[in-house]
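> Sequence:
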Amino acid sequence: ADVRKGVFGTSALQVIDFQAPASKTVGPLKPALVGGWYTLNLPPAKASVNKLATGSGLTQIRLRFKLDDNNNAVANYLSLYSGNAAVGARPQLIVEYYVP
Numbered sequence: 035a036d037v038r039k040g041v042f043g044t045s046a047l048q049v050i051d052f053q054a055p056a057s058k059t060v061g062p063l064k065p066a067l068v069g070g071w072y073t074l075n076l077p078p079a080k081a082s083v084n085k086l087a088t089g090s091g092l093t094q095i096r097l098r099f100k101l102d103d104n105n106n107a108v109a110n111y112l113s114l115y116s117g118n119a120a121v122g123a124r125p126q127l128i129v130e131y132y133v134p
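Just so we're aligned, residue 35 is where the sequence shown starts under our numbering, counting upward by one.
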């Protein structure tokens, strides 16, 4: 995942956003999909990611895949839903933290 303080190019999605540089790259998503969930563990990058995600302004996260297709002749896709979706399909951001 690429994280950008501000926006990748413009706030509205445009072709240039896919080539815009990131402020920080974190990942990969590991382990692979488990029970319908992907997890991105941020501890190795937490200090820099926290500096990018401020309480004011925009912070964008860009997901990308290593392979565009696995050549098995079956459609490959990722469904993302907005907060306005049906309750069962709404995305969740789960933040866990601890005080050392």
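Just so you know, these hints were derived from the structure itself, not from any lab.
Hints should not be assumed to be uniformly reliable.
Claimed, not checked - Calculated pairs, DSS-like style, for lysine-lysine (alpha carbon to alpha carbon, straight line, at most 30 Å): (1) 100 <-> 58; (2) 58 <-> 39; (3) 100 <-> 39.
> With a cut-off of 30 Å on the C-alpha distance, tell me whether residue 58 and residue 39 pass.
holds, 9 Å
> Given the hinted pair residue 100 and residue 39, is their alpha-carbon gap at most 30 Å?
Given that 30 Å is the threshold and the Cα spacing comes to 23 Å, the pair holds.
> Is residue 100 close enough to residue 58, meaning Cα to Cα at most 30 Å?
Holds, at about 17 Å.
Of the hints listed earlier, there is not a single one the structure fails to meet.
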